[in-house]
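Residue numbers (our numbering), protein chains in the order written: chain A, 1 to 313; chain B, 1 to 596; chain C, 1 to 319.
Don't read these hints as lab results, they were simulated from the structure.
This structure is a prediction, so every number in the text was calculated from the model and none was measured.
Some hints could be false.
Said to hold, decoys possible - Restricting the straight-line Cα-Cα distance to at most 30 Å, the calculated cross-link-like pairs of lysine-lysine (DSBU-like) are:
| hint | chain 1 | residue 1 | chain 2 | residue 2 |
| --- | --- | --- | --- | --- |
| 1 | B | K423 | B | K403 |
| 2 | A | K164 | B | K513 |
| 3 | A | K164 | B | K310 |
| 4 | B | K367 | A | K272 |
| 5 | A | K164 | B | K420 |
| 6 | B | K229 | C | K224 |
| 7 | C | K90 | B | K237 |
| 8 | B | K310 | A | K272 |
| 9 | B | K458 | A | K164 |
| 10 | B | K220 | C | K90 |
| 11 | C | K90 | B | K242 |
| 12 | B | K258 | B | K367 |
| 13 | A | K164 | B | K343 |
| 14 | B | K301 | A | K272 |
| 15 | B | K210 | C | K90 |
| 16 | B | K411 | A | K164 |
| 17 | B | K424 | A | K164 |
| 18 | B | K458 | A | K272 |
| 19 | C | K230 | A | K203 |
| 20 | A | K203 | C | K224 |
| 21 | B | K258 | B | K140 |
| 22 | B | K411 | B | K343 |
| 23 | B | K210 | B | K341 |
| 24 | B | K341 | A | K164 |
| 25 | B | K129 | B | K179 |
| 26 | B | K129 | A | K164 |
| 27 | B | K423 | A | K164 |
Unchecked claim - Residues on chain A that point at chain C, a partial pick, calculated with CB under 7 Å:
| hint | residue |
| --- | --- |
| 28 | S199 |
| 29 | D260 |
| 30 | K272 |
Glycine is no exception: its CB is placed at the ideal position from the N, C-alpha and C atoms.
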Amino acid sequence: MAGSTLASPSAEPVVVPAKTSAAVSPGRETWRRFRRHRLAMASSVVLAILVLGVVIGPWLWPIAINDIDFSAQLQTPSWAHPFGTDDLGQDILARMIYGGRISLAVGLAAMFVATFVGVVVGALAGMSRRYVDSFLMWVTDLFLSLPQLPLLLLVIYLFREQLKAAFGVEGGVFVLIVIVIGGLKWMPVARLVRAQFMSLREKEFVEAARAQGATKFRQMVHHILPNALGPVIVAATIEVSSAIIAESTLSFLGLGFPPDIPTWGRLLFDAKDHLDSAPHWALFPGAAIFLTVLSINFIGDGLRDALDPRRVI
Amino acid sequence: MKDHDLRRLIEGIKTGSLSRRSFIKKAATVGLAAPFANQLLGFNGVAMAQNATIEYKPTKAGGGGPLKILLWQAPTLLNPHFASGTKDQIASRIFFEPLAGWDKEGNLIPQLAAETPSKANGGLSADGKEVTWKLKPGVKWHDGKPFTADDVVFTWEYAKDPATAAYTTGSYKDITVQKIDDLTIKVIFKEATPFWADPFVGTAGQILPKHHFADYVGAKSRDAPANLKPIGTGPYKFVDFKPGDILTGERFTDYHVKNQPHFDTLEVKGGGDAVSAARAVLQTGEFDYAWNLQVEDEVLKRMETGGRGKISAVASGDIEFIILNTTDPWTEVDGERSSVKTKHPTLSDPKVREAINLLIDRDSIQKFIYGRGGIATASFVNEPKMFKSQKLKYEFSVDKANKILDDAGYKRGADGIREKDGKKLKYVYQTSINAPRQKTQAIIKQACQRAGIELELKSVTASVFFSSDVANPDTYTKLYVDIEMYTTTQPQPDPERFLNQFTTEEIANKENKWLGRNVSRYSDPAADAAFKAAQKELDPAKRAALLIKVNEIFCEANVILPLLSRTRVAASVHNLVHDHSGWDVDTWNLAAWYRS
Amino acid sequence: MASYLLRRLLIAIPSLLGISLILFTVLAMAPGDPFSEMATNPNVPPEVREALRASFGLNDPIMVRYLRWLTSMMQGDWGFSFASRINVDKLILQRVPTTLFVVGSSQILALLIALPVGIYAATRPYSVFDQIANTLAFVGFSLPTFFTGLLFILVFSVALDWFPFVYRSDIAATGWRWYWEMFRQAIMPIMVLGLFQAASYTRYVRSAVLDVIRLDYVTTARAKGLSERKVTLRHITRNALIPVVTLVALQMPAVFGGAIVTEQIFRIPGIGSLLIDAILANDTPVIMAVTFVFACLVVIFNLIADLLYGWLDPRISFS
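Generate the whole structure from the sequences, applying the supplied hints.
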């Protein structure tokens, strides 16, 4: 099969017309299909509400997140505190709104970084057959074997001050966290994408494209990648939840946000010792993470079905 | 002054005009708790308590079944002189014993010694340079060989050799030990040493059997088979050990105390976290005893109600405190920040420090976070009570703090933060990662906010914070922040060595690779002088007064802000009678534990 | 094929050397030292700490330390642990059986759940079964193991008193009782880990099957009159296995490496808890040994996965 590269070098600059004679453009068609995926639509709404909630929430619920009130320790939900209070008497709703911004931003940004790096590395490795593949897989193996905790401590110690200087306290930490989480989570995506590419690059439709003179880049982006997206979307959605939780782990290493910033993962962690007496404390952040993951998953499913022309909706 | 009264009382008891009991009563009237009064007597030639603090009821050894102890940090080695942490010291103390240990009230209790040395029994020399220990006769090692003075002398040779790399070297390198006869040894100090109960006492004093370690002194120390298969004199014999996991033992039938120990087998399991360790004792009863429960008291209380066990807290020398940095942590001079050559732009102003001290709500921190785990205090040294400053008091008042800052000319800016001459009251407040500490940070931050001071909270993982890594800016001795909080330990019921962290020569700096013990970098010639005098002072009352002065100088300067005198908290099942101490490891008197 | 294998194995040696150098550098540069526990103890003078640093060779340049490590490693000497002062290989061997048992069982459990559920859900997309399976899977990976582990303890140990939650490597029993005790103490950690893993596996299997289920050859197979069962098992599953094989190969080193959080919660004396203790104590020889074995396994299982791709899809060529 390797010998079937028919495209002559001179054919490469020629742009192969990709226009189909369909009446609607592919983008609009995808949107039409996506809209008919009811769960995906509902999930988009839920995610939008979550995002909106954490963005405009502080105006609607203007209670300070660090208002300590010992007379209101561990209260169950009430009108004064719809989500209850924690062991310092701080309002959990206010804390969730504040922390949610960070959790959502970190979760989504880290997902994009991890997925992007993973797809690029995996695609390059999967397309090339020799040294590039060997080298990229070596890098992947290296990252998989690095012990994360000492590495994180090293990263904090090397870069925290510089990033703080460049982006400010919160901005610096945000950039650091997204890079760290993204940088440590792309490997499974890369391996998955590479495996898909190795299988797909030999399939008939890719060969057909190759025969038509499609460049390697075109083969990758237009022909193989859309067909390899299934596991990527699953991986990306799992990444969101693991990034939200990983952020809380990082703050225990001193790498994350300062200890008084209540991200969802951190709320969940703080709540664990009070799980038997104050389950509401864990319930709300847990539910928020779950809803985020759920909606992103369904959106992913919807996108996948919408992008897959074989699927009849 | 107090020390005068005390001296008169002590004279009385020496000449026989006053009984021991009435001395203790009278001492209590001048503010001394009974046990510490006891100890005070010890240093002045009157015998100390000879019995441990619990009453031992079983009438025969053995028959108690298994005893299961849970340590949430797992022991990794069993040689007491290599024991870097409490977990290892606890484990090795099961098998090895010192000449004497400390009970929970700070009394010295003989273990392998026949009696505690005193002036009356000729154990202490008048010049304070020699201590003679009489050893208990009839003590056997687990392999049946007799315990003699040779073992004690050997332990000194073993630990003092720098090539052995023992953590206990500090207690042995500057002394000489002589064998007088098979059951007597003499410890000779280079200088008069008022606090002589350090070598061969407590955690650092566990005696090794010469016949198992003689070939493994110095660089070969690591190869000794007995490092992992200990043979000691303790109440339980070694059975099996998996480092970082589990340690098992069985009753030593030839133990040197009659009718002890009570349990037939012993199991020490390690790992996990403190909360679930408490759960395994208090709620499910899977284990009999769990140690060092640094858990919020609320959580413990809930587990106790209707559960299978109880909590016990004993006084210790641990103090949770805050340092206000009077040097500038943000300017580098000669390759180091927080150099004594610099001055902090605002914290060098005593008024600001005074205001911050008023913004710490110690009572709430105790009530809502530490509970039985700590007692709010304004004194750096709190135990033994004779060394606690009676003068230092604490107060929480946002209004007073505001007034002091207003008077000192710090005006609130548009953002609500006070400033003077363009210098804002904005600080980085650092501590190690530990849930109660982060809550304390939150409480103090909020109070400061109300007084126009902004704190940026920073937390560093404990393994980095407490390391001596020269390259790392986040270690506690570097003090590259404005405000720092941690707990420091006074290991013996005597604060002399502990208070060296308030001397000029101990200031941590680049030159001593930040290994100096004075982390605050603050110094005062008066404190130096008082400390030097205390080191030589053999009169206990005068010595205590000098050490209290050192403490007061630093606390009154508001450089050191003590928060809580910590207690050691342990959990046990209801029917276990145990004896843990804040001055020694939890297993110091394991032989006397029993099930009722 | 054989020459491909040989070539890959030859490449593995320099690549492992490279990985070991980077691992060592990261560990050596990471902040902290093994003496943090005695830091605030005034009885340990600074000179002692400094002497200990020197005696452990911590003050030498990184390259010297690396070469020293490499040469002794070549001779089969894994070094000794700073924390317990015994040989590292002995320390690791003590932990291997428990880790293999607990983490291995949980992986098997995860596959046993994920494969049938994922395939069945994909053959009936958006059916009630599919929706329930999906939702449970989302719950599964939204909740971290520290949380589910604690929940299990509160329900099954504290409230119901069915299982112990402290794992013991030495059960004082023989015969059937031993197996029973072993089962009782292992069930909770295995479930926690297994269900967490199963949740993500299920999503991957479902997605992979959905990808192939609509391909032409499946339709052809059906058209040939093959039974639905046969089509699903022979034609769909085999082709859908590539991502699953990739994931399992990614997870296999973890069977050795253990599961840090779960091992902490249930006090399982596995490699994961050894590693975390070593990291917290900055016990570099132990960290280095564990991560290096882990790295070897990563490389080996990557190779195995590549070979399996060729078997699953013969068109993938090894040139």
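Results of checking the hints against the structure:
1. B:K423 <-> B:K403: Holds. B:K423 to B:K403 sits at ~18 Å (cutoff 30 Å).
2. A:K164 <-> B:K513: Roughly 26 Å separates the two Cα atoms, so the pair holds.
3. A:K164 <-> B:K310: Outside the cut-off at roughly 47 Å; violated.
4. B:K367 <-> A:K272: At roughly 21 Å apart (the allowed maximum being 30 Å), A:K272 and B:K367 satisfy the hint.
5. A:K164 <-> B:K420: It holds: about 26 Å lies between the C-alpha atoms, which stays within 30 Å.
6. B:K229 <-> C:K224: Outside the cut-off at roughly 72 Å; violated.
7. C:K90 <-> B:K237: It holds: about 23 Å lies between the C-alpha atoms, which stays within 30 Å.
8. B:K310 <-> A:K272: 22 Å, holds
9. B:K458 <-> A:K164: 13 Å, holds
10. B:K220 <-> C:K90: The hint holds at about 19 Å.
11. C:K90 <-> B:K242: 10 Å, holds
12. B:K258 <-> B:K367: 43 Å, violated
13. A:K164 <-> B:K343: 24 Å, holds
14. B:K301 <-> A:K272: Holds, at roughly 16 Å.
15. B:K210 <-> C:K90: Given pair B:K210, C:K90 holds - Cα atoms ~27 Å apart, limit 30 Å.
16. B:K411 <-> A:K164: Holds - the C-alpha atoms of A:K164 and B:K411 are around 28 Å apart, at most 30 Å.
17. B:K424 <-> A:K164: 19 Å, holds
18. B:K458 <-> A:K272: 22 Å, holds
19. C:K230 <-> A:K203: Holds - the C-alpha atoms of A:K203 and C:K230 are around 23 Å apart, at most 30 Å.
20. A:K203 <-> C:K224: Between A:K203 and C:K224 the Cα gap is close to 22 Å, so the pair holds against 30 Å.
21. B:K258 <-> B:K140: OK: B:K258 and B:K140 at ~13 Å, within 30 Å.
22. B:K411 <-> B:K343: Measuring from Cα to Cα gives roughly 21 Å; hence the hint holds.
23. B:K210 <-> B:K341: Between B:K210 and B:K341 the Cα gap is close to 51 Å, so the pair fails against 30 Å, i.e. violated.
24. B:K341 <-> A:K164: 27 Å, holds
25. B:K129 <-> B:K179: This hinted pair holds, its Cα atoms lying about 16 Å apart.
26. B:K129 <-> A:K164: 56 Å, violated
27. B:K423 <-> A:K164: Holds, at about 21 Å.
28. S199: 5 Å, holds
29. D260: 21 Å, violated
30. K272: 5 Å, holds
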